[in-house]
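Chemist: Sequence:
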Amino acid sequence: MYLISPKQLFLLILLIPLLNSFQVPQNSQNGGPITDDFCGKFPEASETKYVDEPIRVKGEVDMHYQRLIATKKLRDDCSIEGSVKGKHIIDIEDGGTLKNVILADPAKGVWCEKSCKLINVYWEKVCYHAAGFSGDDSSPTVHEVTNSTALHAPDKFFTQSSKGKTIIRNFCGHEFGKVYCSCGSGCQPQYQRRVEIYDSRFKGPGLTLISLNHNYKDSMSMSNVYVDPNPPIKYICQVNKY
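Taking mature numbering (1 follows the signal peptide of the UniProt record, and there is no 0), I'd label the letters of the sequence shown as residues -21 to -1, 1 to 221.
Rather than coming from a laboratory, the hints here were simulated on the basis of the structure.
Source: prediction; values computed, not measured.
Don't take each hint at face value.
[As the list claims (entries may be wrong)] Mimicking EDC-like on lysine to aspartate or glutamate, the simulated pairs with C-alpha atoms at most 20 Å apart in a straight line are:
| no. | residue 1 | residue 2 |
| --- | --- | --- |
| 1 | Lys66 | Asp115 |
| 2 | Lys37 | Glu72 |
| 3 | Lys64 | Asp116 |
Construct the complete structure from the given sequences, taking the supplied hints into account.
Modeler: Right under this line is the structure:
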């Protein structure tokens, strides 16, 4: 069972409506990129596309900075309640690499079936999770996120249910519940997991950077990580028992 203190619960209750209130940032009238006051300027979009069905990624796929917006066929709206029962905007097959894309409305997020690489992926807003990392057996997986930015997550940026590790490198995150979460009691079977974060920056409001499972001996490491003190991120790492 997940152990959460009254203070943690109170903070999470405060965070969810605050983060859900953010609207998807709009490109300027001349089609220019958005600029976040912490993470900086996004790449300029080559074009904007509305997505009705999940995009399948096999091998290495360069999206050439297309800006993708999910339609009602993928989710009801860009919120936890409106997307949790919806579909992912992109599904990545085992070993696939997704490069150079801007997600203005990612529906349920990006889904990696097993090992994957996300390079130069920019989330203007996160509806539920930015990306979920999965695996259908006990074979170790590696999920890599490099040179990417995500904004305004009402829940988590990255969640891992697979055995193996997630590596986050040169990433910027602004306003979130959790940056990385090792999936808890809702994931069966369970595995030992590891997360590594390097050369990255984070700004709140936020609950925690990393959430791990004590029972399965999860582990983490961080190097050259900057955490902006205002508004605060309550925890750097939480260790949960089930």
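Chemist: All the hints need checking, so say for each whether the structure fits it.
Modeler: Okay, the hints, checked on the actual structure:
1. The suggested pairing of Lys66 with Asp115 holds, with an alpha-carbon distance near 18 Å, which does not exceed 20 Å.
2. Taking the CA atoms of Lys37 and Glu72, the gap is about 5 Å. The hint holds against a cut of 20 Å.
3. In summary, the hint linking Lys64 to Asp116 is not supported, as the alpha carbons are separated by about 24 Å, beyond the 20 Å threshold.
Going through the hint list in order, the structure does not satisfy hint 3, though it satisfies all others.
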